[in-house]
Structure formats: C-alpha cells, structure tokens
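Chains as they are written, first to last, in my numbering: chain A, 1 to 218; chain B, 1 to 239.
Just so you know, the hints here were simulated from the structure itself, not pulled from any lab data.
Don't take each hint at face value.
[As the list claims (entries may be wrong)] Straight-line Cα separation of at most 25 Å, SDA-like style, residue types lysine to any residue; simulated pairs: (1) B/K207 / A/N52; (2) B/K207 / A/L57; (3) B/K207 / A/V16; (4) B/K207 / A/G55; (5) B/K207 / A/D101; (6) B/K207 / A/R47; (7) B/K207 / A/L56; (8) B/K207 / A/G46; (9) B/K207 / A/L53; (10) B/K207 / B/A31.
All values reported here derive from a predicted model rather than from experimental measurement.
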Amino acid sequence: MNWVLANLELIRELTVQHLGFSLPPLLIGLLIALPLGWLANRTRTGRTVLINLAGLLFTIPSLALFVLLPIVLGTQILNPVNVIVALTIYTVALLVRTVADALAAVPQVVVNAATAMGFSPLRRFLAVELPMAVPVIVAGLRVAAVSAISLVTVGSVIGFGGLGRMFTDGFQRDIPQEITVGIVLVLALALAVDGLLLVFGRVLTPWARLRETAGSTA
Amino acid sequence: MNYFGWLFDPAHWSGPQGIAARLVEHLGYTALTLLIAIAVAIPLGAWIGHSGRGGFLVVGSANGLRALPTLGLLVLLAGFIGIGLLGPLVALVILAIPPVLAGTYAGVRNVDPAVVDAAVGMGMRGRAVLLRVELPNALPLIIGGIRSAVLQVISTATIAAYVALGGLGRFIIDGLAVRDYPQMIAGSILVALLAIVADLVLAGLQKLLVSPGLRAVPGRRGPRAVPAPKTADPAARAA
Chain A
1 MNWVLANLEL
11 IRELTVQHLG
21 FSLPPLLIGL
31 LIALPLGWLA
41 NRTRTGRTVL
51 INLAGLLFTI
61 PSLALFVLLP
71 IVLGTQILNP
81 VNVIVALTIY
91 TVALLVRTVA
101 DALAAVPQVV
111 VNAATAMGFS
121 PLRRFLAVEL
131 PMAVPVIVAG
141 LRVAAVSAIS
151 LVTVGSVIGF
161 GGLGRMFTDG
171 FQRDIPQEIT
181 VGIVLVLALA
191 LAVDGLLLVF
201 GRVLTPWARL
211 RETAGSTA
Chain B
1 MNYFGWLFDP
11 AHWSGPQGIA
21 ARLVEHLGYT
31 ALTLLIAIAV
41 AIPLGAWIGH
51 SGRGGFLVVG
61 SANGLRALPT
71 LGLLVLLAGF
81 IGIGLLGPLV
91 ALVILAIPPV
101 LAGTYAGVRN
111 VDPAVVDAAV
121 GMGMRGRAVL
131 LRVELPNALP
141 LIIGGIRSAV
151 LQVISTATIA
161 AYVALGGLGR
171 FIIDGLAVRD
181 YPQMIAGSIL
191 VALLAIVADL
201 VLAGLQKLLV
211 SPGLRAVPGR
221 RGPRAVPAPK
231 TADPAARAA
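Chain A with its partners taken away, still in its complex shape (with noise of 0.2 Å):
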C-alpha cells in the first residue's frame, strides 16, 4: 500500500480524467441513439441500414479507432476528443440497437390507447412509449457504461491519460502494485457507475416498483 498511500494525489488526479474522458460519451451516445433507435424501429430499411452499420463500427478495435479518428476529425493524434468520439461511436452503436429493440417490445395496445387519447405522434413517442422503453435502455446504457470504463485505459497505450496511466507506468517502472491498484479502481469506477444507473433507472421508473409490490401482495 505504500505505492498508493504516497501517490493519492495522482490516483486522484487520474481518476477524475478517466471519468472526464468515459462519462460525456455516455451522455451523447444516448442523445443520439435516441432519434436512431426510434428511426430504425419505424422502417425496415432504417432497422437493416442502422443495424449493421453499428454492427460494423462496433467490430472496429478501440487502439485502430483512437488511431485512425485523427484522419476524420482533422484533430491532433493526443486530442481527448478523439477517445470521447471514440466511446461515443461505441456506445450509439450499442444503443441503437437496444433503444429498436426497446421500443418494439412496448405493447401495441398501450401506443393504441394513446393515440385513442389523442396523443399526437412526438408526443405518445415522449409520454408514453419512451417511458416503457426505460428498463431496457437503461440496461443497454449500463453495459455500454461499464465498456466504455473499461475501454478508456487503452487510450493509454498511445498516450492519453486516465487510470489506464497505471497499466503503462506500472508496466514501464516495474511497480506491480500500481498496475492491481489500477485495475481494483477501473473494476470499483465500473461498478459504481453501473449501481448509480441502476438507481437512477428505478428513479425513472416508479410505477415498475408500484407493480411488484402489488403483485407481492396480490
């Protein structure tokens, strides 16, 4: 513990720049698989195009993807916005995937009474069927969160910093302890970050817990 008790400040140095760098993909990942998840769910060409084409850029490993950014983005090869595009590209093609899948698996019957009620289209998408469709986007963003946690330290192999810092430092100096101590804090950063969404999913939710507890009591 002596490598870690004299390095705090670094440990925490690193930590709030690997979250800097994997939580503002999440946010626009989700942002924008939004509209495409509800693109690919109304036709079927849109469900074949976007579907493959996240399959596709999913396959793309995340050392060839921070590389070849540059070259799109006409940014400098250590800019941070090329691991934050990066993780961004990951976690659309997760979601849009899950969003499709999300919104279909919400009941015909449910959309029918809305628009029965008088929902206009935008607004039956927003008041009704994206809120069904929050349990399982919510688990799609909880998976793509944990990835993109542990993805960031890859972007250290090239340079950039973060936890993933430990690995390549630990690794180059030969101090073992900081390398399990890296590892044991992007695990704890993952877990966090997945128990946080968890929550903030039940938060979101409150009538799926109104309905076990009547079920329970049922």
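Assemble chain B onto chain A, guided by the hints.
For chain B alone, kept in the frame of chain A given last:
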C-alpha cells in the same frame, strides 16, 4: 502528409517484419487462443447448461469481463510471467473463455424443453441428448459466443504489441515510438479490416453450420433472435 503511403508501399509488405508476416502472426495468436478457449469453454458450458449447475458463475464471468481492463491484465501478466508469447497468450485465453462459455451455456439452456423431452422419448440418454440434440440446437448461440471471442482476441492481441507481442499491433506501437503516423494508420486499418473480415467469415459459417430447421422456425426463436449476441454482446467490446 500522405496518410496512406506507408500502407501501399510494397517494401512494407514482405520480410520478417512486413505486413504479411505480421498478419500471419496475428492470425496465429487468434487461432491458438480460440483453440484453447473452445477446448475449455464448450465442454464446460455444455455441462453447466445440461446439468443446470453453476450457471451464476457463467453469467458472472461474462459480466465481469466487460469491466476488466484488458491492458491492465496484459501488463500484469507480462510482469508475472515475463515478456514473450506465454503472458499475452494467458491473458487472451482468459478474455476469450467467458463469451464462448456464456454462448454455449445459454445455447444449451435455451433449447426448447419439448425437444429434449422428444429426444428422451425416442430413447436417447444423457450423452446422446447433449451431443445430438442440445448442442446442434445451441449452435447459433455457441458460434455467436465464438464471434465475440474472436473480436475480443483480435482487438486485445493488437494492444498486446505494447508488451512486445508481434502481430499487426506492432505497426501502431513501433510507429508511435518513431512518430511515424502513416505506419500507425496502416496498422490500424489492417487490424480493423481483419476484425471486420473475421466477423463476416464467422457470420457466414454461422449460416452454413446451423441446421436449416432452426432458421425456418418463426416466432421468438426466429432468424432475428439468432444473431442477437453477435453485435449486441458487449463482451466483444472490452478491448
């Protein structure tokens, strides 16, 4: 700067450190890892799925893998075992086993109980049920798991160049060391293409090997349900 000049220079394609040789290395690591992972994970997953014991372990390992930073695992094992093939290979196998295990387990577990009953009714016993009914029915998910594992291994083998492994990742690491960005780009394009081609080949194999009877069934086990784990399985995206 001419970004793509390096890739298309014939001089970079041959020789012991040329693109062709690195590609063969990369494929070799991937094949070796998958062989070991399949030999361990398919029998184990089939047994767990068949007997129903220890399923939580499978689910837990597949979930935990998502959070495990591959670079951390690589440098840790390189530190313990030493630089060379063995350390990275152990890391790659550790990463490849959970998706195959989860695919096999889920595949065997999700076989329609009526089909298993029918097999037993026809006089089949445990081993025959597993080998002739459960495994063929589980094949779509098993190959889905293998696809995830292959992507994971191709991706992680690239990163393993950091701990001195060969393969296409060398161009990225070596290019970085001498600030040769076109070389890094060449390595990245080749790795991305390799991953995409490997995934397409396995998708074709999935179509070829899976019994047509499984594909024709409409409804919840229809063709759309089958490819679900290939892209949506986030285990593939842990590197």
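Comparing the hints with the structure gives:
1. B/K207 / A/N52: holds (16 Å)
2. B/K207 / A/L57: holds (22 Å)
3. B/K207 / A/V16: violated (46 Å)
4. B/K207 / A/G55: With Cα atoms ~17 Å apart, B/K207 and A/G55 stay inside 25 Å; holds.
5. B/K207 / A/D101: holds (23 Å)
6. B/K207 / A/R47: OK: B/K207 and A/R47 at ~20 Å, within 25 Å.
7. B/K207 / A/L56: Judged against 25 Å, a Cα distance of about 18 Å means the pair holds.
8. B/K207 / A/G46: holds (23 Å)
9. B/K207 / A/L53: Measuring from Cα to Cα gives roughly 20 Å; hence the hint holds.
10. B/K207 / B/A31: holds (21 Å)
Violated hint: 3 only; the structure is consistent with all others.
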